[in-house]
Each structure stands twice: as C-alpha cells, then as structure tokens.
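Once you've looked at the hints, dock chain B against the given chain A.
Here's the letter readout for the chains.
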Amino acid sequence: MAARVLQQCVRSLGRPSLRLCPVNLALRAAVAPAVPVHRPFSSAADSRRTRWLGQSRISSVGLLCRQYGDLPPLTLETIKDRVLYVLKLYDKINPEKLQVTSHFMKDLGLDSLDQVEIIMAMEDEFGFEIPDAEAEKLMTPEEIVQYIADKKDVYE
Amino acid sequence: VDGTVHMGSRLPPAALSLKQFLQRQKVLGVYRSMLRTIRQVPDEADRKYLRGWAREEFKRNKNATNQDAIRMMITQATNHLEELQKSLLLARS
Numbered sequence: 001m002a003a004r005v006l007q008q009c010v011r012s013l014g015r016p017s018l019r020l021c022p023v024n025l026a027l028r029a030a031v032a033p034a035v036p037v038h039r040p041f042s043s044a045a046d047s048r049r050t051r052w053l054g055q056s057r058i059s060s061v062g063l064l065c066r067q068y069g070d071l072p073p074l075t076l077e078t079i080k081d082r083v084l085y086v087l088k089l090y091d092k093i094n095p096e097k098l099q100v101t102s103h104f105m106k107d108l109g110l111d112s113l114d115q116v117e118i119i120m121a122m123e124d125e126f127g128f129e130i131p132d133a134e135a136e137k138l139m140t141p142e143e144i145v146q147y148i149a150d151k152k153d154v155y156e
Numbered sequence: 157v158d159g160t161v162h163m164g165s166r167l168p169p170a171a172l173s174l175k176q177f178l179q180r181q182k183v184l185g186v187y188r189s190m191l192r193t194i195r196q197v198p199d200e201a202d203r204k205y206l207r208g209w210a211r212e213e214f215k216r217n218k219n220a221t222n223q224d225a226i227r228m229m230i231t232q233a234t235n236h237l238e239e240l241q242k243s244l245l246l247a248r249s
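Chains A and B supply the protein sequences, listed in that same order. Residue numbering for the first sequence is 1 to 156, as defined by our numbering. Residue numbering for the second sequence is 157 to 249, as defined by our numbering.
Next up, chain A with everything else stripped away, as it sits in the complex (with noise of 0.2 Å):
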C-alpha cells in the first residue's frame, strides 16, 4: 500500500526544472518524459551536471532509480552539439558561418591566438586538459569531435 501512495505522489509532480532539489531528485527524474527536450541553456555558468541531468531520459514512471553522481555517457552526436555550443557563444566567431567542417583560420577568419582561447574553452566544457602538441592540431570542430571521442572511448 505504501508502494500505490508512493505511485500517486510521483505521478502528481510537474516536470523536472532545471535546478534539481537533491532530496528530490530521483523521483523528479522518475517523472520526467522519456523525450529529451531541449532546454534553452539559462547560463554558461550552469554547472554541466544540472544542464544534463534535465535532459537525461529515464525509463518507466513509477520506477524509483538512484541517481549516482556522474554524467550521462556521451555521445557522438552530444559531443557535437556541445562543442558547437560553445563556439557560438565565442565572441569572435559568427554562428550563422559555423559549420562542423569550417576551418578557424581558413574559414573562419580567426588567428592562433583564438585558436589557444577556443581550445581552452573545449577544456573547461569537457573537464580535462589537451596538451599544447595535439591541442594545435585542431583546427575545425569536427577535428575537435574526433579527439575528445578519442580521449574519452566514445564510438559508434
């Protein structure tokens, strides 16, 4: 019985916000829609956990999952997005020119000053260091994509 008044209090909660109450944190996320939605990023300065623990799908409603503390397994195509992601909100680049392919000096317009800036922007968004001798190699984001899916073991 305990179980069905459990049920009844997880279905009647709204969807997950952004900001996640720790103590409440494995129901809300029991409720929220097997769909990701995409959220429109309220800050940079969100921490990465909060941003993708509102995106993370969950099974079935009803089930209680503990919540471990770590990130959702990347992907490919999050990769992708989030490296995007932060080049668009690089001042110096226009986010209508930006293509996966587009090269920053050759396309882009940009120096190699930019280029240390923009890889020091991928460190922060992905949480570990690129080494200057791989780091200005890469000079598109695709080329980006490729080596943090290297350095963390995502294939597909």
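Mixed in with the good hints there might be a few duds.
Distance windows between CB atoms, simulated [said to hold, decoys possible]:
1. A/Glu-129 x B/Ala-171: 26 to 32 Å
2. A/Tyr-90 x B/Arg-216: 45 to 51 Å
3. A/Cys-65 x B/Glu-200: 34 to 40 Å
4. A/Asp-111 x B/Leu-244: 24 to 30 Å
Below, computed lysine-lysine pairings styled on DSSO-like, alpha-carbon distance capped at 30 Å [unchecked claim]:
5. B/Lys-215 x B/Lys-204
6. A/Lys-151 x A/Lys-88
7. B/Lys-182 x A/Lys-151
8. A/Lys-92 x B/Lys-218
9. A/Lys-97 x B/Lys-175
Just so you know, the hints here were simulated from the structure itself, not pulled from any lab data. From the three backbone atoms N, C-alpha and C, an ideal C-beta is built for every residue, glycine too.
The following block gives chain B in isolation, referenced to the frame of chain A:
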C-alpha cells in the same frame, strides 16, 4: 621574408624559418600558460579582466617581425606570468 631558409624545396615565400617557427610556438605556449594560470584566479571579475588584458597585449603585438623585439616581449610576458603565479601562491598560503 627575412631569414627564409632556401633549401631548394618548394616552400611558399611566406613560410617561417625554423627560428621564427620556434619563436611562434613559444609565444603561443606562453599565451596558453597565461590563460591556464588566469583560470586559478579566485574571482570571476578578475579572471575576465586578466583574460581581456592578456588578449589585448598579445593581439597588439602579433604582427611584430623583429626577432629581438619579439624575444624581449616573450621575456616580458613570461615575467608577468611568473608574477601572477607567485601572487596566486601567496594568496593561497
């Protein structure tokens, strides 16, 4: 371009000499180290200011061609970098 190495290979005229190439790598390395150090500054407003300052300094001089002048600027940048690192250490202790 001064100092281009003529080895009989088909290098484009704008290619850098080895010395220039190494110097360019050094500059980019100092810029990267600067940005990494600035990341450790505790206050966000300070970080923003320092990033803007570093960017300005490097951009302003990016078209310099005199190797001695460039070497001097690299030394200056490195000194700034070390000062910043020392300040951060002191602030932490």
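Quick one: are A/Asp-111 and B/Leu-244 within 24 to 30 Å, going by C-beta?
Once the Cβ atoms are compared, 28 Å apart, the range 24 to 30 Å for B/Leu-244 and A/Asp-111 holds.
Could you grab the alpha-carbon distance between B/Lys-215 and B/Lys-204 and see if it respects the 30 Å cut-off?
OK: B/Lys-215 and B/Lys-204 at ~16 Å, within 30 Å.
Straight-line Cα separation of A/Lys-97 and B/Lys-175 no greater than 30 Å?
violated, 35 Å
Outcome for the supplied range 26 to 32 Å, where the beta carbon pair is A/Glu-129 and B/Ala-171:
holds, 31 Å
Can you let me know if the beta-carbon spacing of A/Cys-65 and B/Glu-200 is within 34 to 40 Å?
holds, 35 Å
So if I understand the rule, the pair passes when the alpha-carbon distance is 30 Å or less; does A/Lys-151 with A/Lys-88 pass?
holds, 23 Å
Are A/Tyr-90 and B/Arg-216 spaced within 45 to 51 Å by their CB atoms?
violated, 20 Å
Are A/Lys-92 and B/Lys-218 close enough, with their CA atoms no more than 30 Å apart?
holds, 17 Å
Mind checking the alpha carbons of B/Lys-182 and A/Lys-151 for me, to see if they're no more than 30 Å apart?
Holds: B/Lys-182 and A/Lys-151 sit about 26 Å apart, inside 30 Å.
Hint compliance for this structure: hints 2 and 9 are not met, and every other hint is.
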